[in-house]
Amino acid sequence: MSTGFSSNMTFIRRSFQRQNKVIKEAKHDNTWRDYALIFVPYLWMILFFLLPFLIIFKISLSVTEIAIPPYSPLVTFEEGAMQIILHLENYTSIFTDPDGTYIRSYLKSLQVAGLSTIFCLLIGFPIAWALATAKPALRNVMFMLIIMPSWTSLVVRIYAWMTIMKKDGLINDCLMALGIIDSPIQMLQTDFAVYVGIVYCYLPYMVLPLFSSLMKVDYSLIEAAYDLGCRPVKTFFNTLIPQTKSGIVAGSMLVFIPALGEYVIPELLGGKSSILIGRILWQEFFNNRDWPLASAVAITMLMILVIPIILFYKVERREQEKINAGK
Amino acid sequence: MENTPLTGESKTSSPEARKNAHLPGELPGQKPSPEAQNRRPILEIKALNKQFDNFTAVNNVDLTLYEGEIFALLGSSGCGKSTLLRMLAGFEKPTSGSILLDGKELTGIPPYKRPVNMMFQSYALFPYMTVKQNIAFGLKQSKLPSKLIEERVDKMLHLVHMEEYIDRKPYQLSGGQRQRVALARSLAKEPRVLLLDEPMGALDKKLREQMRLELVDIINSVGVTCLMVTHDQEEAMTMADRIAIMDKGDFIQIGGPREIYENPNCRFCAEFIGSVNIFDCHLLSSNAQQSLIKATDFNNLIELSHDIDLADGMPLTIALRPEKVYISHKKPLEETNWCEGVVENIAYLGDISIYYVRLTDGRIVSSTLPNVDRFKEGLPTWDDHVYLSWDPESCIALTF
Chain A
1 MSTGFSSNMT FIRRSFQRQN KVIKEAKHDN TWRDYALIFV PYLWMILFFL LPFLIIFKIS
61 LSVTEIAIPP YSPLVTFEEG AMQIILHLEN YTSIFTDPDG TYIRSYLKSL QVAGLSTIFC
121 LLIGFPIAWA LATAKPALRN VMFMLIIMPS WTSLVVRIYA WMTIMKKDGL INDCLMALGI
181 IDSPIQMLQT DFAVYVGIVY CYLPYMVLPL FSSLMKVDYS LIEAAYDLGC RPVKTFFNTL
241 IPQTKSGIVA GSMLVFIPAL GEYVIPELLG GKSSILIGRI LWQEFFNNRD WPLASAVAIT
301 MLMILVIPII LFYKVERREQ EKINAGK
Chain B
1 MENTPLTGES KTSSPEARKN AHLPGELPGQ KPSPEAQNRR PILEIKALNK QFDNFTAVNN
61 VDLTLYEGEI FALLGSSGCG KSTLLRMLAG FEKPTSGSIL LDGKELTGIP PYKRPVNMMF
121 QSYALFPYMT VKQNIAFGLK QSKLPSKLIE ERVDKMLHLV HMEEYIDRKP YQLSGGQRQR
181 VALARSLAKE PRVLLLDEPM GALDKKLREQ MRLELVDIIN SVGVTCLMVT HDQEEAMTMA
241 DRIAIMDKGD FIQIGGPREI YENPNCRFCA EFIGSVNIFD CHLLSSNAQQ SLIKATDFNN
301 LIELSHDIDL ADGMPLTIAL RPEKVYISHK KPLEETNWCE GVVENIAYLG DISIYYVRLT
361 DGRIVSSTLP NVDRFKEGLP TWDDHVYLSW DPESCIALTF
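For the record, the sequence lines run as chains A and B.
Be aware that the first sequence starts at 1, since it is given in my numbering, and climbs by one per residue.
Be aware that the second sequence starts at 1, since it is given in my numbering, and climbs by one per residue.
Hints listed in this document are in silico derivations from the structure and should not be mistaken for laboratory results.
Glycine included, C-beta positions come from ideal geometry on N, C-alpha and C.
Hints are supplied without guarantee of correctness; some may be wrong.
[Unchecked claim] The following label-pair restraints were derived from C-beta to C-beta distances:
1. 145/B - 114/A: 35 to 43 Å
2. 49/B - 258/A: 49 to 57 Å
3. 153/A - 52/B: 32 to 40 Å
4. 55/A - 171/B: 44 to 52 Å
5. 78/B - 217/A: 20 to 28 Å
6. 351/B - 317/A: 29 to 37 Å
7. 147/A - 161/B: 50 to 58 Å
8. 153/A - 78/B: 49 to 57 Å
[To be verified] Derived pair list, reagent style BS3-like, types lysine-lysine, alpha-carbon separation capped at 27 Å:
9. 113/B - 234/A
10. 216/A - 132/B
11. 234/A - 206/B
12. 169/B - 314/A
13. 147/B - 216/A
14. 245/A - 93/B
15. 147/B - 245/A
16. 234/A - 169/B
17. 169/B - 245/A
18. 93/B - 135/A
19. 143/B - 234/A
20. 140/B - 234/A
21. 93/B - 216/A
22. 135/A - 314/A
23. 132/B - 234/A
With the hints as constraints, model all of the structure from the sequences given.
Structural data, given as structure tokens:
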């Protein structure tokens with residue numbers, strides 16, 4: 001009995017040691033299995049992001065032709081000579097367009113996305129705060145209320161807003177019945193409706209990162225600030241904002257980036273006068289069949305987004321490294 | 001152990017009766033009471049009460065803090081000590097009662113307007129600010145001129161010996177250094193009362209012992225009145241001038257470290273501070289010269305050299321500290337104040353040894369012996385028959 005027990009123990013100890021050894025080895029050099037594991041997401045990104053991006057980039061350097069596909073080839077062979085022709089006129093025409101249509105729609109898109117992000121932040125912060133400070137049972141209910149609308153189709157939700165905001169819609173009917181207004185307000189086909197739609201649709205993407213960073217907040221810092229004579233509003237900016245910076249940035253990006261290229265919401269709710277970049281892309285691709293110009297518009301938009309994002313990540317990583325070094 | 005009701009009784013008895021329960025007389029080495037030093041009261045807590053739903057956290061307590069003293073609230077977790085501290089800081093609203101600071105009512109004033117500062121258990125240093133910015137934070141809130149802030153920060157850094165670390169961020173500091181910065185930050189505004197919440201809670205044992213006296217030195221050099229909360233009795237005894245033992249929202253005893261150790265006013269305090277042998281007894285006779293007491297655990301009588309204000313035959317508790325119990329192979333000559341037994345166990349702690357002696361009726365009594373002589377012979381060992389004796393003055397008679 002006792003020998004059996006001790007030999008068992010020896011066996012367990014040995015296998016434990018062996019396991020430890022394996023873990024140590026895995027830490028020091030990556031095995032083919034590790035590479036195989038990393039390769040899967042990389043393959044996905046290469047196939048479905050990098051490759052399409054390169055194709056679009058290639059198209060943006062050509063000119064339209066009446067052909068299938070409707071653009072000139074990048075590489076041609078003529079009498080044994082390989083010619084690579086890079087047409088940059090798509091890019092130059094974006095910036096030198098006599099009407100300034102493209103520049104204007106870029107600026108308009110930036111304005112709509114930027115303001116929507118700010119509105120989302122202003123509305124989302126109190127919601128995230130309420131979530132973070134709620135009791136667990138209530139919190140689950142609140143979560144469901146925030147997330148459930150996004151289980152229905154975006155188009156359905158936008159149509160719902162259309163019926164709410166139209167001339168004989170819910171809002172106008174209520175205001176008229178209450179005698180606040182005499183004639184219905186034009187809400188659809190205005191920028192107001194676009195902001196309502198975008199803020200409504202993207203609010204959960206702002207609330208969730210804010211909530212997760214608010215859950216990590218050290219509340220004793222708020223008390224410390226109070227204790228040292230800091231008034232409530234100032235305390236908010238001095239303690240809560242710095243601690244939730246990462247959540248604010250993440251939420252803002254999740255709202256700003258898709259809002260910049262948003263097509264459906266402004267198309268359904270917005271007026272014909274406000275032309276956003278999403279509609280320009282649609283028109284160039286499908287109405288004018290000018291694929292090269294459309295591609296150039298898309299690439300330019302990507303650059304507008306990518307450059308600040310890269311800069312931001314560099315700064316953020318440097319901060320993170322500093323903190324990690326301290327730990 | 002049949003008289004458990006004794007502790008139950010202490011709850012129902014009036015505080016007045018408890019106050020008079022302990023022995024009279026000044027203890028040598030005891031600091032005079034703040035009243036005796038004619039110190040000015042700075043903070044007065046009157047009938048302060050805090051109710052959470054159905055739970056009383058702080059139960060109508062009264063307390064006066066005197067200028068320049070370090071006062072410790074000592075108790076186990078959940079006794080209400082932290083709630084009391086948080087009410088003083090303004091983070092909790094009292095259910096009833098009042099807090100007077102320099103005679104002015106403090107309840108209802110928000111924390112950011114109170115001339116009171118707190119050092120948090122976690123220190124709560126702002127992680128995104130440097131040491132200097134942390135210390136200057138409170139001063140900036142009161143909109144002092146920047147030159148004055150600069151001077152005050154330098155003074156504080158010098159006080160806590162952190163001049164070299166002025167531009168570090170909190171994560172670049174060790175635990176002890178963070179504590180110094182936290183202390184400097186809470187002292188920078190020259191608060192009327194400094195609140196310390198478990199000041200050593202976040203430090204390891206070695207550093208804790210070192211920082212205790214250093215913290216007291218700094219606090220004394222500034223001269224600030226200080227109220228600290230701790231569950232560590234050693235910490236309270238080394239740092240505080242006066243200690244309040246708290247249990248279930250009540251103050252059980254208030255006194256100097258020596259007083260609460262040597263003259264606990266009830267069984268709870270005797271058992272809470274240090275270790276103690278408790279004997280269930282009843283009083284045989286008592287007069288001005290001596291009192292004779294019969295313990296249930298051994299045959300010999302206990303003799304006290306003073307009067308006990310209790311009717312003959314009434315039950316009482318005798319508390320005896322282990323270091324005041326002598327252990328010997330020789331039978332004492334006296335007829336009272338000793339008992340006999342067999343050494344059941346010896347715990348060697350280096351500086352002292354604790355002997356656990358089983359009395360003939362099975363009860364275990366502990367006695368400590370300082371290990372003065374390195375190679376002393378003739379000490380009792382396991383299974384030796386030994387005699388335990390004590391001086392009449394060593395016994396503490398407790399009626400609650």
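Going down the list of hints, with the structure as the test:
no., hint, result
1, 145/B - 114/A: 35 to 43 Å, "holds, 39 Å"
2, 49/B - 258/A: 49 to 57 Å, "holds, 55 Å"
3, 153/A - 52/B: 32 to 40 Å, "violated, 48 Å"
4, 55/A - 171/B: 44 to 52 Å, "holds, 46 Å"
5, 78/B - 217/A: 20 to 28 Å, "holds, 25 Å"
6, 351/B - 317/A: 29 to 37 Å, "violated, 53 Å"
7, 147/A - 161/B: 50 to 58 Å, "holds, 53 Å"
8, 153/A - 78/B: 49 to 57 Å, "holds, 53 Å"
9, 113/B - 234/A, "holds, 14 Å"
10, 216/A - 132/B, "holds, 25 Å"
11, 234/A - 206/B, "violated, 39 Å"
12, 169/B - 314/A, "holds, 21 Å"
13, 147/B - 216/A, "violated, 36 Å"
14, 245/A - 93/B, "violated, 31 Å"
15, 147/B - 245/A, "violated, 31 Å"
16, 234/A - 169/B, "holds, 21 Å"
17, 169/B - 245/A, "holds, 18 Å"
18, 93/B - 135/A, "holds, 21 Å"
19, 143/B - 234/A, "holds, 13 Å"
20, 140/B - 234/A, "holds, 12 Å"
21, 93/B - 216/A, "holds, 26 Å"
22, 135/A - 314/A, "violated, 37 Å"
23, 132/B - 234/A, "holds, 19 Å"
Consistency with the previously given hints fails for numbers 3, 6, 11, 13, 14, 15 and 22, ordered from lowest to highest.
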